[in-house]
Each structure stands twice: as structure tokens, then as C-alpha cells.
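**Q** Sequence:
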Amino acid sequence: MLINFMKITYRPEIDGLRAIAVVAVILYHAKITIFNSQPFKGGFIGVDIFFVISGYLITSIIFKELIITKNFSFKNFYERRMRRILPALLTVMVVSIPFAWLFLLPTSFVDFSKSVLYSLGFNSNFYFWYSGGHYGDENSLLKPFLHTWSLSVEEQYYILFPITFLIIFKYFRKYLLKIIVVGFVISLLVAEWGSKNYSSFNFYILPSRGWELLVGSFLAYCEILFGRNNNDKRFNLLLTTLGLLLIFISIFFFKEGMQHPSIFTLLPVIGVSLIIWFSHKKDLITKLLSIKFLVGVGLISYSLYLWHYPIFAFVRISDLTDGNLIEYIFIVAILILLSLASYFFIERPSRNRKNRTKFILIGVIAAYSLISLLSVYVITKHGKINKLNIELNDIKNQYITESQNNECKYSTQGKNFLNEKYFKREFLNCKKKFNKFILILGDSHSINLFNSISNISKKNEFIVGIWQGGCRPTNKDNDNCHYMKLLDFIKDNNSEIKHILFTHKGSYFLSTLENSKNSTDSRFRKLPLDEKQIDNTFKYLEEIQKLNKNLIFIGPHLEPNKILNRGNLIKIKKGQNLNDETNYDLLVVDKKLKIEAKKRSIEFISKIDAIKFNFEKDYIIDNKLTFSDTDHWSQFGELYFGTKLIDNTKIRKILK
Numbered sequence: 001m002l003i004n005f006m007k008i009t010y011r012p013e014i015d016g017l018r019a020i021a022v023v024a025v026i027l028y029h030a031k032i033t034i035f036n037s038q039p040f041k042g043g044f045i046g047v048d049i050f051f052v053i054s055g056y057l058i059t060s061i062i063f064k065e066l067i068i069t070k071n072f073s074f075k076n077f078y079e080r081r082m083r084r085i086l087p088a089l090l091t092v093m094v095v096s097i098p099f100a101w102l103f104l105l106p107t108s109f110v111d112f113s114k115s116v117l118y119s120l121g122f123n124s125n126f127y128f129w130y131s132g133g134h135y136g137d138e139n140s141l142l143k144p145f146l147h148t149w150s151l152s153v154e155e156q157y158y159i160l161f162p163i164t165f166l167i168i169f170k171y172f173r174k175y176l177l178k179i180i181v182v183g184f185v186i187s188l189l190v191a192e193w194g195s196k197n198y199s200s201f202n203f204y205i206l207p208s209r210g211w212e213l214l215v216g217s218f219l220a221y222c223e224i225l226f227g228r229n230n231n232d233k234r235f236n237l238l239l240t241t242l243g244l245l246l247i248f249i250s251i252f253f254f255k256e257g258m259q260h261p262s263i264f265t266l267l268p269v270i271g272v273s274l275i276i277w278f279s280h281k282k283d284l285i286t287k288l289l290s291i292k293f294l295v296g297v298g299l300i301s302y303s304l305y306l307w308h309y310p311i312f313a314f315v316r317i318s319d320l321t322d323g324n325l326i327e328y329i330f331i332v333a334i335l336i337l338l339s340l341a342s343y344f345f346i347e348r349p350s351r352n353r354k355n356r357t358k359f360i361l362i363g364v365i366a367a368y369s370l371i372s373l374l375s376v377y378v379i380t381k382h383g384k385i386n387k388l389n390i391e392l393n394d395i396k397n398q399y400i401t402e403s404q405n406n407e408c409k410y411s412t413q414g415k416n417f418l419n420e421k422y423f424k425r426e427f428l429n430c431k432k433k434f435n436k437f438i439l440i441l442g443d444s445h446s447i448n449l450f451n452s453i454s455n456i457s458k459k460n461e462f463i464v465g466i467w468q469g470g471c472r473p474t475n476k477d478n479d480n481c482h483y484m485k486l487l488d489f490i491k492d493n494n495s496e497i498k499h500i501l502f503t504h505k506g507s508y509f510l511s512t513l514e515n516s517k518n519s520t521d522s523r524f525r526k527l528p529l530d531e532k533q534i535d536n537t538f539k540y541l542e543e544i545q546k547l548n549k550n551l552i553f554i555g556p557h558l559e560p561n562k563i564l565n566r567g568n569l570i571k572i573k574k575g576q577n578l579n580d581e582t583n584y585d586l587l588v589v590d591k592k593l594k595i596e597a598k599k600r601s602i603e604f605i606s607k608i609d610a611i612k613f614n615f616e617k618d619y620i621i622d623n624k625l626t627f628s629d630t631d632h633w634s635q636f637g638e639l640y641f642g643t644k645l646i647d648n649t650k651i652r653k654i655l656k
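Sequential numbering from 1 applies to the sequence shown in my numbering.
Bear in mind the hints are in silico, worked out from the structure with no lab data behind them. There may be inaccurate statements among the hints.
[To be verified] Below, a list of computed lysine-lysine pairs in the DSS-like style, where the Cα atoms sit at most 27 angstroms apart: (1) 532 x 433; (2) 292 x 282; (3) 459 x 424; (4) 591 x 612; (5) 549 x 594; (6) 424 x 384; (7) 485 x 498; (8) 255 x 196; (9) 64 x 174; (10) 653 x 591; (11) 591 x 546; (12) 432 x 387; (13) 424 x 287; (14) 485 x 546; (15) 70 x 170; (16) 64 x 281; (17) 485 x 574; (18) 650 x 431; (19) 458 x 612; (20) 546 x 650; (21) 599 x 650; (22) 591 x 539; (23) 233 x 432; (24) 31 x 114; (25) 384 x 459; (26) 281 x 292; (27) 432 x 485; (28) 287 x 233; (29) 433 x 384; (30) 491 x 424; (31) 644 x 598.
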């Protein structure tokens with residue numbers, strides 16, 4: 001029997017939960033470091049909290065309308081969604097476009113415009129997955145609208161759920177609760193499987209996120225069926241305390257790189273569910289979550305969420321801050337002021353039913369049209385609008401390097417390299433001309449090695465490079481990786497392979513989110529080694545060595561951590577040197593790789609030993625940058641470092 005659901009009472013503790021969620025997300029994206037550690041490294045679970053709350057509230061609204069009116073109006077439902085979501089989102093976009101014009105280099109400006117268009121269509125989650133990169137990595141922090149992926153997931157849910165729900169409610173009502181549970185189980189299983197096999201895709205899509213929203217739906221439906229008659233105060237306090245504890249454990253102990261969403265994500269989801277179900281206005285946790293300050297933050301949480309990511313991204317891109325406390329406080333103050341203005345002057349008026357839908361719709365359509373036209377214009381112009389940024393981009397292109405393909409010296413990217421017509425044609429033609437070829441493997445850093453060897457070697461050398469940026473050996477989490485297919489390629493062409501050279505990103509072998517306290521050198525941060533990833537890499541190399549004995553592991557790749565952002569490009573344009581930021585942790589990696597290589601009888605060449613890299617001096621040589629970004633060599637660096645690497649190692653003997 002349905003409980004009287006004529007009234008949905010306001011629950012301030014849910015706004016308190018929203019406050020915790022949005023603050024966790026903001027602190028996570030701020031990358032705040034305290035005592036060389038990031039305490040909020042699990043703050044990304046704030047989005048999961050939002051999903052549960054959204055599922056609960058949306059299902060409650062639908063039920064309320066069904067019970068009161070015996071009907072459901074899609075028009076009213078989507079009008080409310082439009083009023084709730086679009087005006088504030090469009091405002092943030094309109095304000096962000098001038099800053100994008102001012103600070104983004106052409107390529108980034110095009111990427112920004114595409115992300116805006118996909119966000120307007122509520123499918124930016126697919127765009128950010130397809131465009132590559134992992135949520136939370138360094139490059140993702142420079143994409144002003146990356147955070148709209150979660151809005152896209154919610155909107156996709158809002159489109160599909162009411163239709164599906166009403167069909168089930170009308171024809172299979174007695175099975176509704178069971179169907180919700182089945183949907184929850186299937187979605188959770190998809191998330192668990194996806195987290196192990198397709199982690200990036202799994203992170204962004206509705207099927208692996210739906211179970212979190214369905215948990216909220218389950219709670220709403222159970223509340224209508226059975227009510228929340230929780231009269232045992234001690235029991236309520238125990239479970240709400242447990243719920244809050246689970247949320248904070250997730251925020252402080254979850255970390256980037258973990259499987260998410262997955263079975264582990266049940267921890268914060270259960271925590272939110274316990275609070276939603278067992279909270280009572282008289283218990284301590286509910287009172288804490290209902291504090292006016294938390295409720296206030298919860299009320300403006302949508303605006304806070306919308307504004308924080310573009311602000312952080314543009315601050316990083318423009319290099320406006322050196323990271324001192326006063327500047328952080330100033331940025332936070334701007335975020336709060338913009339969010340308050342957005343809430344009081346955009347959100348509340350838009351949601352006020354007294355303001356006619358007609359006028360709000362006209363404003364939304366006008367903003368949609370303006371933003372879309374500007375975005376399309378930027379894309380058609382290839383982002384080349386701001387003269388200074390075009391000039392800075394030209395400067396950057398002097399340093400950024402791509403595969404420099406010549407006759408029988410070429411590289412190819414991706415897991416589908418065996419199916420590429422160009423690769424097949426050129427490879428077969430070159431095999432007819434040469435008896436042997438050198439195979440260069442790895443991630444994006446292998447492009448540097450390929451270009452160095454290709455440009456320094458003689459013309460009559462057959463060299464093939466196969467790479468994929470961000471991919472790690474035996475990394476099954478990345479569905480775009482190519483390493484397993486490479487084993488088949490090596491097996492099929494083994495007799496023609498003269499040597500196999502493998503190289504890789506150095507800091508990949510560090511647990512970069514953890515920090516060791518046993519440093520004996522003040523220069524060292526002493527980040528602990530990631531033993532699992534090191535072991536995975538060597539296991540893969542052992543598989544290669546079984547096929548071809550002429551394998552050389554070259555590493556680690558040096559990383560001065562100097563990014564070519566707009567601020568640094570302007571300094572270079574003015575002829576100024578950049579302050580050095582050293583990364584001595586790679587010396588620890590180098591030592592470990594030498595030990596493991598010797599133990600496993602794998603030939604290893606140390607770039608650090610061969611190049612004799614000086615962290616203080618070798619970043620700029622004769623006023624020329626040797627690196628193109630935080631870790632890749634520039635074209636000049638490929639010749640400068642590559643010559644040293646080749647002349648000081650066995651590689652010189654390998655080349656003709």
C-alpha cells in the first residue's frame with residue numbers, strides 16, 4: 001500500500017550532502033597539497049554522491065506527479081529540467097568564451113569549442129572519452145568544460161528514465177521494485193567489468209553509472225511503499241554516522257588510477273543511501289548536515305560545480321598564479337562570488353514558476369544560438385583568431401615534435417596499426433628493399449627516440465616505430481593500447497627484426513599520489529616506486545625477449561616538468577629563461593630499472609647515464625628549448641639528446 005505522498009517535505013540534510021559532494025570535487029580538482037600529499041585525492045566521488053541524490057529526487061518527483069494527478073506530463077518535467085540546468089550552464093559558457101579567446105592557443109581553442117558544442121547536446125561524456133586522456137591527469141585539468149561529462153550522464157538518464165519508468169509503471173507495476181533491482185545489478189556488473197577492461201569508457205558512460213542513479217530511485221520507491229518510520233534514535237544515529245564515515249573514507253582514501261566506478265564505488269554510494277534513508281531531524285548527523293552554512297553551500301552547489309572547473313582551468317592555462325596561499329584565497333573568493341551571483345540572479349529566477357517559460361525559453365534559444373555559432377566559427381577558423389595566440393602557437397610548434405616519416409623510416413599510432421593501409425603498403429615495400437629493420441616500441445616518448453635515430457642514422461636504414469600515447473605494457477584498462485597485438489607482429493616478422501628498442505615515460509614507474517617520508521636528500525621528494533607497474537613492464541619485455549633476443553630497454557625518459565603554457569611562451573618570446581623545476585625522483589627509477597633488468601637478463605640503456613642530463617642547465621641550450629612540454633623532447637632536443645644517446649651507447653653500433 002502506498003504511503004501518503006501528497007507532500008514532499010524539504011530535507012535540509014540532502015543539501016548538506018550536496019555541500020560535501022561539491023566541496024570534495026572542488027578540492028580534488030584544486031589538487032591541494034598538504035605536507036607533500038594530496039588529502040582529497042578521492043574527491044572525485046562527489047559526483048557519485050550527486051548521482052544518488054539525483055536518482056532519489058527525480059524518482060520522487062515523478063511519483064509525486066503520478067500519485068497526485070494520476071498522470072505524468074513530459075512537458076512539465078522537461079520544462080523543469082530546462083529551467084534547472086540550462087540558464088546557469090549557458091551563462092558559464094558565455095562568460096568562458098572570451099577567456100578562451102584570450103588564453104587558449106589555436107588547437108586548444110578548437111578543442112574547447114568542440115567540447116562546448118557536445119556539452120550543449122548533452123553528450124560531452126562521449127566526446128571526452130573519444131578525444132582521449134584520462135580524467136584527473138595533467139592534460140584533463142586544462143579542459144575548461146571537462147566537468148560537463150557528468151551533466152551529460154544525468155541528462156541522458158533524465159531522457160531515458162521517465163519513459164522507461166512509465167512503461168513499467170503502467171504495464172508491469174507489481175514488478176517495478178524487482179526491475180529496479182535487476183537494473184541496478186546489471187549496471188553494477190557492467191561497471192565492475194568495464195573498470196577492468198575499458199576503464200576510460202567505463203568512467204564516462206551511463207550504463208556503468210546508471211546503478212548509482214537507480215540506488216536513489218530504489219530509495220524513493222521504497223519510501224513510497226513503506227515510508228521511513230525510523231523511530232529508533234540510536235539505530236538511526238549509528239547508521240547515519242556509518243554513512244558519513246563511509247563517504248569521508250572514500251574522499252580521503254580513494255585515489256586516481258583505482259577501478260572506478262566499480263564494486264569499490266559501493267562504499268560512498270552505501271554511505272549516501274544510509275543517510276538518505278535513516279536520517280531523522282532529531283539525530284546528530286542530520287543536525288550537522290542541516291547547519292545553515294552547509295545547507296547554503298548545498299543550495300549553490302550546482303553553480304559552484306559549473307564555475308569551478310573553468311576557473312581552475314583558465315588559471316592553470318594562463319599561468320596567472322604561482323600557487324601561493326593569497327592567490328588561492330583570491331581564486332576561491334572569485335569562485336564563491338560568481339556562484340552566489342549565478343544562484344541568485346540566474347538559477348532562482350529561472351526556476352521561479354512566476355517567470356513565464358516563454359521568456360526563459362527565448363533566452364535559452366538565443367544563448368544556444370550565439371554559443372553554437374561562435375563555436376562553429378572557431379572550428380572553421382582552426383582556432384586562429386587571436387593574433388598573439390597564433391604567434392605563440394608558432395613558437396610552440398618550433399618545439400613540439402611529431403613522427404618525422406621518411407622513406408622506410410616511419411612510425412604509426414594505435415592498436416589498429418596492422419590494419420592501416422599505409423602501414424601495410426609501406427612496410428611490405430620496404431621489406432622488399434631491406435633484409436632487416438629496427439623496431440622502436442613504446443608510448444608517446446618513443447616518437448622522440450624514433451625521430452632521433454631516424455634523423456641521425458644513414459639513409460639506408462629501415463626503421464619502424466609503433467606507439468600509442470599513454471599506453472602501458474599489459475595495461476588491459478586501456479582499450480586503445482597496442483602492446484598485445486605487437487607480440488603477434490613481432491612473431492610474424494621476427495626473422496627480419498634487427499633490433500627491438502623499447503622506451504617509456506619515466507614517472508609512470510612512480511606512485512605519484514603517494515609520498516614517502518624517509519627522504520635523506522632535500523632535493524628528493526622520494527615518491528615510492530610502483531612495483532606492480534615495473535613488474536608488468538618487465539614481464540611484457542620478457543615475452544618479447546622470448547621471441548627476439550635483440551631487445552634493448554631504454555629509459556627512463558627525463559621529465560623536467562616544464563609546461564609550455566601561455567605564460568611561459570610569452571617569457572620565451574621575450575627571450576627570458578624559465579625557472580627550473582627539477583624531478584630527481586627519476587634517478588630512483590633509473591636505479592631500480594637497472595637492478596630489475598640485470599636480474600631478468602634484459603639489456604638496459606640508461607638515458608640519464610648516456611645523456612648525462614643536468615637538471616639545472618640542459619633545459620635551455622643556446623637559447624633553444626630541449627623539451628616541448630613537461631616531458632617530451634623538442635625537435636632540437638631530439639638532435640641534442642639523441643646524438644648523446646646514440647654516440648655514448650651500443651645504439652651507434654646497431655645503426656649502419
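**Q** Work down the list of hints and note, for each, if the structure agrees.
**A** Results for each hint:
no.: 1; hint: 532 x 433; result: 42 angstroms, violated
no.: 2; hint: 292 x 282; result: 16 angstroms, holds
no.: 3; hint: 459 x 424; result: 21 angstroms, holds
no.: 4; hint: 591 x 612; result: 14 angstroms, holds
no.: 5; hint: 549 x 594; result: 18 angstroms, holds
no.: 6; hint: 424 x 384; result: 36 angstroms, violated
no.: 7; hint: 485 x 498; result: 19 angstroms, holds
no.: 8; hint: 255 x 196; result: 16 angstroms, holds
no.: 9; hint: 64 x 174; result: 18 angstroms, holds
no.: 10; hint: 653 x 591; result: 25 angstroms, holds
no.: 11; hint: 591 x 546; result: 25 angstroms, holds
no.: 12; hint: 432 x 387; result: 49 angstroms, violated
no.: 13; hint: 424 x 287; result: 68 angstroms, violated
no.: 14; hint: 485 x 546; result: 16 angstroms, holds
no.: 15; hint: 70 x 170; result: 11 angstroms, holds
no.: 16; hint: 64 x 281; result: 22 angstroms, holds
no.: 17; hint: 485 x 574; result: 47 angstroms, violated
no.: 18; hint: 650 x 431; result: 24 angstroms, holds
no.: 19; hint: 458 x 612; result: 25 angstroms, holds
no.: 20; hint: 546 x 650; result: 21 angstroms, holds
no.: 21; hint: 599 x 650; result: 20 angstroms, holds
no.: 22; hint: 591 x 539; result: 18 angstroms, holds
no.: 23; hint: 233 x 432; result: 82 angstroms, violated
no.: 24; hint: 31 x 114; result: 26 angstroms, holds
no.: 25; hint: 384 x 459; result: 37 angstroms, violated
no.: 26; hint: 281 x 292; result: 14 angstroms, holds
no.: 27; hint: 432 x 485; result: 23 angstroms, holds
no.: 28; hint: 287 x 233; result: 13 angstroms, holds
no.: 29; hint: 433 x 384; result: 43 angstroms, violated
no.: 30; hint: 491 x 424; result: 16 angstroms, holds
no.: 31; hint: 644 x 598; result: 23 angstroms, holds
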